[in-house]
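2 protein chains.
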Amino acid sequence: MIRDPKRLSTSEAIRQQHGRDLTSYHAGRFPDVVLYPKDKEELREIIAYANRIGCPIVPFGLGTSVEGQVVPVQGGISLNFTHMNRILEIRADDFAVRVEPGVTRMQLNRELKKYGLYFPIDPGVDATLGGMAATNASGCSAVRYGSTREQILGMEAILADGSPIRTGSLAKKSSAGYNLTQLLAGSEGTLAVFAELTLRVYGLPETFLYAKAVFPDLQQACKAANRMLYRSIQPSKIELVDAYTIQAINSYKQTKYEEKPTLFLELSGWKSAVTAEVERVKEIIQEEGAGAWSHTFDESFGEQLWDARRHAALAIAALAPEKKLMTTDVCVPLSVLPEAVSFAREVMQAEDLQGAILGHIGDGNYHAVFPIDPSVPEEAAKAAKVNERIVRFALERGGTCSGEHGIGLGKKQYLTEEHGDAVPWMKKIKEAFDPNHILNPGKIF
Amino acid sequence: MIRDPKRLSTSEAIRQQHGRDLTSYHAGRFPDVVLYPKDKEELREIIAYANRIGCPIVPFGLGTSVEGQVVPVQGGISLNFTHMNRILEIRADDFAVRVEPGVTRMQLNRELKKYGLYFPIDPGVDATLGGMAATNASGCSAVRYGSTREQILGMEAILADGSPIRTGSLAKKSSAGYNLTQLLAGSEGTLAVFAELTLRVYGLPETFLYAKAVFPDLQQACKAANRMLYRSIQPSKIELVDAYTIQAINSYKQTKYEEKPTLFLELSGWKSAVTAEVERVKEIIQEEGAGAWSHTFDESFGEQLWDARRHAALAIAALAPEKKLMTTDVCVPLSVLPEAVSFAREVMQAEDLQGAILGHIGDGNYHAVFPIDPSVPEEAAKAAKVNERIVRFALERGGTCSGEHGIGLGKKQYLTEEHGDAVPWMKKIKEAFDPNHILNPGKIF
Ligand SMILES: Cc1cc2nc3c(=O)[nH]c(=O)nc-3n(C[C@H](O)[C@H](O)[C@H](O)COP(=O)(O)OP(=O)(O)OC[C@H]3O[C@@H](n4cnc5c(N)ncnc54)[C@H](O)[C@@H]3O)c2cc1C
Ligand SMILES: Cc1cc2nc3c(=O)[nH]c(=O)nc-3n(C[C@H](O)[C@H](O)[C@H](O)COP(=O)(O)OP(=O)(O)OC[C@H]3O[C@@H](n4cnc5c(N)ncnc54)[C@H](O)[C@@H]3O)c2cc1C
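Protein chains in written order, with the UniProt record's numbering: chain A, 1 to 445; chain B, 1 to 445.
Wrong hints could be hidden among the right ones.
Which copy is meant is left open, because identical chains are indistinguishable; a pair holds if it fits in one copy or across any two.
To be verified - List time: in silico DSSO-like cross-link candidates among lysine-lysine, alpha-carbon distance up to 27 Å:
| id | residue 1 | residue 2 |
| --- | --- | --- |
| 1 | 271 | 282 |
| 2 | 223 | 114 |
| 3 | 212 | 271 |
| 4 | 113 | 223 |
In case anyone wonders, no lab produced these hints; they're calculated from the structure.
Just chain A, same shape as in the assembly:
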């Protein structure tokens, strides 16, 4: 199995680290042991062994998932992929790479840059590609490129009984049999453990343009974003941050952004196209009553802008360091977005909950984020209520309870609300693939 005892740990500190996710909102339990497999063969042996003895296995990337996905609620083995972090092959001419699951997106992008390529999916924090595939992470660039699942051409996965399978191929598309790649993507470690991923990558655009537009209110910011999409403008990023978030960022990053609802934008592509596009964007933005507008090709401005956006959640957390962050993750049809965001703001106000609203609004996906102390029953109850009302509002209008974070522990009840008729069939698949329930038990269902 693990052929080097250094890659096995039962130390309290290490187990604790693997017993919770970054937000720590979800109550933790330690794994009994943390294993660091170094290759497919070890991985296969561990899983087959765990299956024989009925021991739970919880894959662990960087532990940045926010719905308690990595918490080993039934103890057992936490599988850490730090030692499986090799970039196996860069096939520049095929716009494809093969990686081990412990490779992080930033690590991959550092390497890809040498080839004039990049992997655009950006959930803000760094994360392993295995973790991103398992939660179907998306983030800022999904509006142009889709989520992580759209980037997965194929994978090598180990099933619960230790069987390795290869799904997909190096080809850009396929209609060969059931699409197991897309079934396993987003399965949060409950159906299979990824041993290798084949991912799509892209040519680095010639130019990036960065822009910022400040609005008098949230609704107008959302409407402006929609109007762009309706006019076939394809930003590579379009992010909403509300006044509360800007305050948090200003205090965290010592920046001086105007403390009003703001759109952060990125256009990219050929310089000539971007230059023409930004004029159309500006026109729309101004018609929608934006106050300050600025745009630039200057990379340092762009870096500052996206750095601020990336640290938004941490900045919000820093406003109340003694609390934990709870976050909603609904995704609604685009036309519903302006109304949904206003509703979220009202609901928080009604419950007297301080919190932020920010989101990937080109997808209709936004987060209401509120720091709470889950050990204070009253606060937990308020948060649960706000969460519930926001989710229900989305579901009633054809939306989903999770745009990108996944179900984990935190959204189980909403999965049932959203897909009650389909859940029994998801469970049949779980049963067929993992009859002993060893793979990340207690998650999703």
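On the provided structure of chain A, position chain B with the ligands as indicated by the hints.
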């Protein structure tokens, strides 16, 4: 069940029509009865009933699939969706539509045009959206928009026991539980029957530009196409047709295209962007040694061009009307394409088989198409041999045996070659969803 006897047929002629696909290459068997459900409720009742008595059900769209998918190899019911062809909702502001599965792509596009929208997926012939979802059809526009599966936001499906489930939502993305939408898409009627589809649609681009480039040989045409993609050019169509195909088209359509390997191209988007892009394309094309090059914004030229491309298969068939068309459908990594296409040409020559090569080369997907008489054992053997060598060449280089046509009857052995380790797990899903094997039995596996 069927509440109007007019929507049930046991006539010989009708049963015969539902006993084969358009190419008739695959040996037919008639269904015992053809039913034309008119709504979900009837559909549900038929399926539940068939499941109780163990009667096979084969969904039938327009019967244009080419791997024998609609042939009822075990008899039973053929389910025709002609009466379930309503466009239920056009949500222009959400870039989404809800349709019944019998709606055809052309029917949908006629309606969408009124809203300045379109559904880009274009497998040449007209086809139902249910059939396209079930084979994961793609065709000319996949290079920009992806295949049919990428357009499916959600669906209502009836499972083998008559259970209706809703998958996905109206939101652009979701991480809520296992992705049943993507599992059912491409399942060729073997896992569920679609009762309703929610599809993504797009704003009609401001401009379309059409172009044609003639090359001295196939390899160079492929290389030119690849070079465009390497330079981040995003055509909305880029099609290869070889000299044989052009001959066939000229004779079928009375056109006078130069009888050499040719790229058919379409660029689309904002006029300013397209105008800049075509200059880059032209430069690349000429560097790669193209002979004649022409481009135009003229729609009638475009219509003629794509009409020719669309009729390519029929034109090839018309060269040998007494024979049947067999077609390969491999998809290879882009870098392998020039070599793969040359190999296909050599293999056909070696076997002295007349045939065409054409394809969606922006995806690495090409077809070798040869008219044969399957009742002449020698011809059938030759065709099988060519098919096998072409598929194996692709598989050895990381490609897939089916880029877009699916497995049906015709590619079963290659599915096993490609995904031998995964097939048992596909079968477990089949078993879990359709334990009585009533849904399109004998296909895929
Ligand atoms: C501040 C902050 C901001 C965030 N913003 C976004 C955002 O904008 N968009 C977004 O989508 N997400 C966001 N996230 C969530 C998070 O980054 C993603 O969920 C990420 O994909 C998790 O990656 P990870 O490597 O940390 O995985 P982990 O958290 O370690 O694991 C996530 C899941 O993947 C499974 N897993 C890990 N490796 C494997 C493997 N090899 N095989 C099978 N299963 C595996 C785990 O069991 C678990 O179920 C944010 C998180 C934080 C803390
Ligand atoms: C000349 C020619 C050119 C072609 N070119 C292309 C091309 O470029 N690209 C491409 O991808 N394809 C191409 N095809 C193949 C074909 O057009 C596609 O496979 C198409 O998707 C089939 O649609 P249909 O409505 O005819 O479905 P059918 O052939 O009737 O059925 C196809 C499959 O879908 C299932 N099905 C139908 N309706 C439902 C439903 N409601 N629920 C569940 N399952 C259902 C059937 O059981 C069957 O398995 C071509 C075919 C021809 C004849």
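Going down the list of hints, with the structure as the test:
For the identical chains of this complex, residue 271 and residue 282 are neighbours both inside a copy (16 Å) and across copies (18 Å), given an alpha-carbon limit of 27 Å. For the identical chains of this complex, residue 223 and residue 114 are inter-copy neighbours only, at 23 Å across copies versus 39 Å inside a copy, given an alpha-carbon limit of 27 Å. Proximity of residue 212 to residue 271 under the C-alpha cut-off of 27 Å is found in both arrangements, the shortest distances being 19 Å within a copy and 26 Å between copies. Proximity of residue 113 and residue 223 under a CA criterion of 27 Å is satisfied inter-copy only: 24 Å between copies versus 35 Å inside one chain copy.
Going down the numbered hints, you'll see the structure goes against none, and every one checks out.
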